[in-house]
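Peer 1: These are the residues of each chain, in order.
Number of protein chains: 2
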Amino acid sequence: MAEDNFTVTPWEVKGKVDYDKLIVQFGTQKITDELRKSIESAINDKLHVMLRRNVFFSHRDLDLVLNDYKSGKGFFLYTGRAPSLGMHIGHMIPFLFTAWLQREFGVNVYIEITDDEKFMRNQDYTLEQTRQWAYDNILDIIAAGFDPDKTFIFQDTEYIKNMYTLAIKVAKKLTFSEVRATFGLDVSSNIGIIFYPALQIVPTMFEKKRCLIPAGIDQDPYWRLQRDIAESLGYYKAAQIHSKFLPPLTGPEGKMSSSNPESAIYLVDDPRTVERKIMKYAFSGGQPTIELQRKLGANIDIDVPFQWLYYFFEEDDERIKKIEEDYRTGKMLTGEIKQILAEKLNQFLEKHRERREKAKEMVKDFKYEGKLARSMWEKIHE
Amino acid sequence: MAEDNFTVTPWEVKGKVDYDKLIVQFGTQKITDELRKSIESAINDKLHVMLRRNVFFSHRDLDLVLNDYKSGKGFFLYTGRAPSLGMHIGHMIPFLFTAWLQREFGVNVYIEITDDEKFMRNQDYTLEQTRQWAYDNILDIIAAGFDPDKTFIFQDTEYIKNMYTLAIKVAKKLTFSEVRATFGLDVSSNIGIIFYPALQIVPTMFEKKRCLIPAGIDQDPYWRLQRDIAESLGYYKAAQIHSKFLPPLTGPEGKMSSSNPESAIYLVDDPRTVERKIMKYAFSGGQPTIELQRKLGANIDIDVPFQWLYYFFEEDDERIKKIEEDYRTGKMLTGEIKQILAEKLNQFLEKHRERREKAKEMVKDFKYEGKLARSMWEKIHE
Numbered sequence: 112m113a114e115d116n117f118t119v120t121p122w123e124v125k126g127k128v129d130y131d132k133l134i135v136q137f138g139t140q141k142i143t144d145e146l147r148k149s150i151e152s153a154i155n156d157k158l159h160v161m162l163r164r165n166v167f168f169s170h171r172d173l174d175l176v177l178n179d180y181k182s183g184k185g186f187f188l189y190t191g192r193a194p195s196l197g198m199h200i201g202h203m204i205p206f207l208f209t210a211w212l213q214r215e216f217g218v219n220v221y222i223e224i225t226d227d228e229k230f231m232r233n234q235d236y237t238l239e240q241t242r243q244w245a246y247d248n249i250l251d252i253i254a255a256g257f258d259p260d261k262t263f264i265f266q267d268t269e270y271i272k273n274m275y276t277l278a279i280k281v282a283k284k285l286t287f288s289e290v291r292a293t294f295g296l297d298v299s300s301n302i303g304i305i306f307y308p309a310l311q312i313v314p315t316m317f318e319k320k321r322c323l324i325p326a327g328i329d330q331d332p333y334w335r336l337q338r339d340i341a342e343s344l345g346y347y348k349a350a351q352i353h354s355k356f357l358p359p360l361t362g363p364e365g366k367m368s369s370s371n372p373e374s375a376i377y378l379v380d381d382p383r384t385v386e387r388k389i390m391k392y393a394f395s396g397g398q399p400t401i402e403l404q405r406k407l408g409a410n411i412d413i414d415v416p417f418q419w420l421y422y423f424f425e426e427d428d429e430r431i432k433k434i435e436e437d438y439r440t441g442k443m444l445t446g447e448i449k450q451i452l453a454e455k456l457n458q459f460l461e462k463h464r465e466r467r468e469k470a471k472e473m474v475k476d477f478k479y480e481g482k483l484a485r486s487m488w489e490k491i492h493e
Numbered sequence: 112m113a114e115d116n117f118t119v120t121p122w123e124v125k126g127k128v129d130y131d132k133l134i135v136q137f138g139t140q141k142i143t144d145e146l147r148k149s150i151e152s153a154i155n156d157k158l159h160v161m162l163r164r165n166v167f168f169s170h171r172d173l174d175l176v177l178n179d180y181k182s183g184k185g186f187f188l189y190t191g192r193a194p195s196l197g198m199h200i201g202h203m204i205p206f207l208f209t210a211w212l213q214r215e216f217g218v219n220v221y222i223e224i225t226d227d228e229k230f231m232r233n234q235d236y237t238l239e240q241t242r243q244w245a246y247d248n249i250l251d252i253i254a255a256g257f258d259p260d261k262t263f264i265f266q267d268t269e270y271i272k273n274m275y276t277l278a279i280k281v282a283k284k285l286t287f288s289e290v291r292a293t294f295g296l297d298v299s300s301n302i303g304i305i306f307y308p309a310l311q312i313v314p315t316m317f318e319k320k321r322c323l324i325p326a327g328i329d330q331d332p333y334w335r336l337q338r339d340i341a342e343s344l345g346y347y348k349a350a351q352i353h354s355k356f357l358p359p360l361t362g363p364e365g366k367m368s369s370s371n372p373e374s375a376i377y378l379v380d381d382p383r384t385v386e387r388k389i390m391k392y393a394f395s396g397g398q399p400t401i402e403l404q405r406k407l408g409a410n411i412d413i414d415v416p417f418q419w420l421y422y423f424f425e426e427d428d429e430r431i432k433k434i435e436e437d438y439r440t441g442k443m444l445t446g447e448i449k450q451i452l453a454e455k456l457n458q459f460l461e462k463h464r465e466r467r468e469k470a471k472e473m474v475k476d477f478k479y480e481g482k483l484a485r486s487m488w489e490k491i492h493e
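Chains as they are written, first to last, in this note's numbering: chain A, 112 to 493; chain B, 112 to 493.
Hint data in this document are derived by calculation from the structure and do not stem from the laboratory.
Please note: incorrect hints may appear among the correct ones.
Since the list gives no way to pick out one identical chain from another, each pair is judged satisfied if it fits inside one copy or across any two copies.
What the hints assert, rightly or not - Below, simulated DSS-like cross-link-like pairs (lysine-lysine); rule was C-alpha separation at most 30 Å, straight line:
(1) LYS272 to LYS184
(2) LYS148 to LYS471
(3) LYS272 to LYS319
(4) LYS406 to LYS433
(5) LYS181 to LYS366
(6) LYS471 to LYS272
(7) LYS272 to LYS261
(8) LYS272 to LYS348
(9) LYS348 to LYS132
(10) LYS462 to LYS432
(11) LYS184 to LYS442
(12) LYS490 to LYS469
(13) LYS132 to LYS471
(14) LYS482 to LYS125
(15) LYS272 to LYS482
(16) LYS127 to LYS442
If we strip away everything but chain A, and leave its shape as in the complex, we get (with noise of 0.2 Å):
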């Protein structure tokens, strides 16, 4: 078999990803029609633009999780945030949709912010730096409108002692031989690094329910150490359903990442920002000229506004279906799209600042006084 031109770990997005290949490759499963027709029929609506479109892809016990939830039975939402100095709108992916799931079925949902894992993994961070990340995070993640009653935000640092005495039951089950690739440890990480995994892994156990992660694939090798102990603890199995890269905006290659800035629209960037970054360096398929545009058209599998729009911005079925014909058949330039998408862009970072400004407010209810954040802190996860 010929060696893949990409990767994907937990920590590492590169090349152009074949994202068949890596479903073979992590062993996970599909999403087929059926299944989407399956989630239509539980939920009684139109599915998620990343549904339908297939940004969100690949599974695990995704089909046990809806069987669960048309019996009663029920599940609960999992998902998380190492806090960092500003997010990017590729990081509001999993938020976005992990909110929609939220609204469609009604369940609760656990969002971890890891202040520990941050501190712990970088040498130059004080804990006074990841916890004020946590904060900003925080805000933004409220404002992917998730419900205040039904949702638990929580710092590892505050809400250890609940979580403590289950996270050295799921450590006892974990040697450092099994975390250390999964995480990307050696022998010279830090001892509270190495133990971190657990932390990660209690909140899948939250509830004697289907624990259902929605995250970028990469973050799978994470869950199948989770799947591997879970059930010797009386626990299920974490089910995940899992989302592609939206591409950075330099190249259809990789991940947006937060370390080359040329390469992400900020939550914070303004207007202008976002129309220069995006005309200056969002990647092109189209052609050089506009005379070759007009007459062979654009590259849509490696054009980026396409891909945003397609992933993301323009939720309108119709009219993403004629962007992509007017784009392809050289009815529309390279300048056009581009401007369509910073337009886009800039409506959704300004009802995201709207609703940010809001989230301030709220903050205490998704910690402490909402009601799923109440009933959390008067629990001891044993």
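On the provided structure of chain A, position chain B as indicated by the hints.
Peer 2: This is chain B only, laid out in the frame that chain A set:
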């Protein structure tokens, strides 16, 4: 240099320990007559029998602790226990000595009960077991005579929230390589027990004063890790005062061990059991016949009953001198010295059981409601 025929590590003590050599090996300081006088003048009282008789024989920075005490800066004491089913008299040595130090210096004592460690170290133990043992051991510890308003006894699984922030700062400074050898870990160790050293170090930083740890010298390697990193976190290197090992009943080599019930006297042993064990198993330096004993006398260097009396149970300096002379010269027989030890031991155990009974009503003070305990539950260690 000839190889030593003894081994001392935190998890194994083998052979007849040469304590002078051990001081050189470990790089600790001898407790000199001068230092003993300095303690005596600081407390203005007679020294504890275990200090007078060189059972506590080695230290790190005890001189600095005394300076801090004399200058009014003060210090605090820290000890702990991995809970087990039934403590033996050897286990009481650090607690009895620590309680004496507390009475003489009037300082705070922190006692960590590592229910998490014990659970994670042994595949067979449940957390319920280690917590039951924790409760039982706490009664024995309280019976050593601590001040309920100046002593905080805490279980890791309960107090974790207050310790976790500082624990991850400590953990970030320690790599797997660094803790591996000291804690007897390898790549097949579970990730919880790998993190645990951080939780053992945190209490050395409970106050911004020097921390003094009374313990068997086999525990010294643990605290070297603390001494490597403490100052970089703004705390003092932990000072220590080290004891020799009470020899097992069955011979002068090694260390009393719970895994060999004949070698130990348990705190729950009744008077007849104590007498029977001593008569049957206590290793004697006396001669094989009465005639020979009268003629040659005993070798007290290898005689366990004499050593137990000397180390621990006969506090009267005149009486122990008389016993030593009589026994060494053959005036006293093996059966007689064993009888003296049995009586002394049973007196100690009877008093211990009374104090243990009273301790049941004091657990809540030491853990939650005493003056120090209350202030500790309000503190998040950063």
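Peer 1: All the hints need checking, so say for each whether the structure fits it.
Peer 2: Structure-based check of all given hints:
Within a single copy, LYS272 and LYS184 get their C-alpha atoms as close as 29 Å, which meets the 30 Å cut-off; across copies the closest is 33 Å, which misses it. Taking the shortest Cα distances, LYS148 and LYS471 never come within 30 Å of each other, neither inside one copy (38 Å) nor across copies (63 Å). For the homomeric pair LYS272 and LYS319, the shortest alpha-carbon distances inside one copy (20 Å) and between copies (24 Å) are both at most 30 Å. When the C-alpha separation of LYS406 and LYS433 is checked against a cutoff of 30 Å, the pair qualifies only within one copy, where the shortest distance is 18 Å, while the shortest distance between copies is 115 Å.
For a Cα distance limit of 30 Å, the shortest separation of LYS181 from LYS366 qualifies neither inside one copy, at 35 Å, nor across copies, at 62 Å. Taking the shortest alpha-carbon separations for LYS471 and LYS272, both the intra-copy value of 26 Å and the inter-copy value of 26 Å come in at or below 30 Å. Proximity of LYS272 and LYS261 under a CA criterion of 30 Å is satisfied in both settings, with 21 Å inside one chain copy and 24 Å between copies. For the identical chains of this complex, LYS272 and LYS348 are neighbours both inside a copy (24 Å) and across copies (28 Å), given an alpha-carbon limit of 30 Å.
Taking CA atoms no more than 30 Å apart as the test, LYS348 paired with LYS132 passes inside one copy only; the shortest distance there is 24 Å, against 55 Å between copies. Proximity of LYS462 to LYS432 under the C-alpha cut-off of 30 Å is restricted to the intra-copy arrangement: shortest distance 25 Å within a copy versus 88 Å between copies. Taking identical chains as interchangeable, the C-alpha atoms of LYS184 and LYS442 are never at most 30 Å apart, the minima being 52 Å within one chain and 82 Å between chains. In this homomeric assembly, LYS490 and LYS469 come within 30 Å of each other (Cα to Cα) only inside a single copy, at 29 Å, whereas the closest approach across copies is 33 Å.
Taking the shortest alpha-carbon separations for LYS132 and LYS471, neither the intra-copy value of 43 Å nor the inter-copy value of 64 Å comes in at or below 30 Å. Neither within a single protomer nor between protomers do LYS482 and LYS125 lie at most 30 Å apart by alpha-carbon distance, with minima of 42 Å and 58 Å respectively. Within a single copy, LYS272 and LYS482 get their C-alpha atoms as close as 20 Å, and across copies as close as 22 Å, so both meet the 30 Å cut-off. With identical chains, the CA atoms of LYS127 and LYS442 are at most 30 Å apart within one copy only, with a shortest distance of 27 Å there and 93 Å across copies.
This entry does not satisfy hints 2, 5, 11, 13 and 14, going by the numbered hints stated previously.
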